[in-house]
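One line per chain: the protein sequences are A and B, in this order.
Going left to right, the first sequence walks through residues 1 to 267 as this note's numbering numbers them.
Going left to right, the second sequence walks through residues 268 to 619 as this note's numbering numbers them.
These are calculated hints, taken from the structure and not from any lab test.
Remember, it's a predicted structure, so these values are computed and weren't measured experimentally.
Even glycine gets a Cβ: it sits at the ideal position worked out from N, Cα and C.
Among the clues, some could well be false.
[As the list claims (entries may be wrong)] With the Cβ distance kept under 10 Å, some of the chain B side facing chain A (calculated, not the full set):
1) Ile-292
2) Tyr-297
3) Val-351
4) Val-353
5) Thr-367
6) Tyr-372
7) Ser-407
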Amino acid sequence: MRNVFAIARKELSLYFATPWAWLVLTAMAFFGSVSFVSVMDVFRQVQEYARAVTWARTGPELSQYKNLTDGVIVQLWGIQIIVTVFAGPILSMGLFSEEYRRKTFELLMTTPVRGIEIVLGKYLGGLGMVVTTLSVTLVYPVILTLFGASESGQALEWSTVLLGYGGVLLLGGTSVALCMFISSLTESQLVSVFTGIALLLVWLLVGSATRGLEEPLRSAVSYVTIDGQLQNLLKGVLDPKPIVFFGTAIAFFLMLTHRAVEAKRWT
Amino acid sequence: MLTFGKISGGWGVLFLITALITWKIATPTYALVEGGIGLLLLMVYFGTHRGLASASPKDQANQRASFFWVSTVLIAVVSFAILVAVNFIVAKKGKTVDLTNKKIYSLAPQTLQALKGLKEPVRAIGFMETKSFAYDAYDSLFKRFAQESDKFTYEFKDPKKSLEDNAKYQIKEGQTTVIVVRGKGPTESHTSLPAGPPSEQDLTNALLKLNSTGTQKVYFLTGHAEYPITPPGEASPTGQAPSVSELSRASSKTATRWSRSISPRSRTRSPPTRRCWRSSTPRLPIRRERSPPSTPTSRRAGGCCTSPTMTPSRASSRRWRSTGSRWRRASSPTRSTPRIRSRRSARPPTTR
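Just need the whole structure built from these sequences, with the hints factored in.
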């Protein structure tokens, strides 16, 4: 396990030595802030409208704007998921491809470190970077808690907020595992990142294609969609399904990556 | 050439994956064309890499490498099967926990009570197309109910395709509705949810309604000047006690109240419930020799006292009066049995 953490630490330090990590962090902070301001603006407008006409006269589609948790934070998750779909591949594109390109992979394989330790170490490094980028967005709920007010006393339901973060983190972890597997197959970072983004986008959009499917295919396809898995966690319901689903997906991709890395011994 | 093959292979995979989406968004023809192009590009990949594989006999001869690839494929297949199995189990057995402060995504206590009180399996059938916007909302609602009770199951049917069920439940073509069914075969009873957005309250009401069918009780109550059917030792001075005690034993407050209300002391009207009825009082004084003996049949009838007919026609009323006593009707199994049930209670518990 010591080797795993050593590799993870080295990967994390490498991230911050390159401009990529800073670019991704800046981009996430920028998109997050723009989204936060626009969502807050919509929330304010709806609140003013509701105060003028009373909530009873507003439509059911506006009921989610009654509180800050559903009106602002839950709205932000949609944007955060899209950002994560792009950030995951960018952060993990070089995990193995860069080693292949620099011809340092052979050196790594000759060290007294097992293949699984290399894979886990690199994965934890990538995951640490995703956690760092996500933690940048924590400033928004903190701002709402400090400056927001609610009739019930609490401006935000932190259980819902943390479950949402957990859901997005699960998606981020899965995207890192998938893109690390792709990265282990090619020495081109460009191929790695574009393939990763393409696959994740297809995965994200396949949910909208289930509407016309017949049962039981519809249920089966809906189960594997990102939307279908995360919807409960994002609204504040602790659901074991996404935890198991993304957990098993991460394990599967890590296993494939391990086999791909081991395969380098034979090719 | 190898790079070209790789690029072709990548695009081939992409085309094959997106063909699934095209199938739904556009037409199947476009999807087939796209899938065909994807397969063609994949063939290009295999074509360009076939020569490479055959050109390295050293690798082919390497037994360890072959074993590695075979084991990799096997491990991947087994891992995938385990992954699917674990997800299937969690999807079926997994329980959700509502962490919101006001438990807005949990079922109400009344609903939980109704689900716990289900005597028979209940099945909800959603007659709606998968394209319907209500589909997802009903699916989510049914899942929450099914999670709480094993006796609640659900399914969806396309009203355009399930013609047999349409006729059975009197559903018009293209109608979006939900039928809640209890039991099977001749004992099946069903009710439908009211039109409108999916509501936990409506579904709970439907469950309560179905659950209460088959439990309607018929009470035979003593009027004044009649013999109680209980043994002589148990009768109270008022003559009303046996019926009250029997009803109390049956835990029916309504019926107990009612039995009091028709006692000779009170002049109040019969209770508003339409599942019960009041026995008409004989106009003529009952002579002792006509009063009924306490037969085993009458005791088995469960009850306390006499039972009149529910729908006394004029002729039957006259006949009734001429006999001077209702007891004979109540004690006669051939006649009293079908007449015990009122029009309302005799009707199947469906509301359609």
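Hints, one by one, checked against the model:
1. Ile-292: The hint holds - Ile-292 of chain B has a Cβ within 10 Å of chain A, the shortest such distance being about 7 Å.
2. Tyr-297: Since chain A brings no Cβ nearer than about 14 Å to Tyr-297 of chain B, farther than 10 Å, the hint is violated.
3. Val-351: This hint holds: Val-351 of chain B lies near chain A, its Cβ roughly 9 Å from the closest one there, short of 10 Å.
4. Val-353: Hint holds; Val-353 of chain B Cβ to chain A Cβ min 6 Å, cut 10 Å.
5. Thr-367: holds, 4 Å
6. Tyr-372: holds, 5 Å
7. Ser-407: holds, 9 Å
In summary, the one numbered hint that this structure violates is 2.
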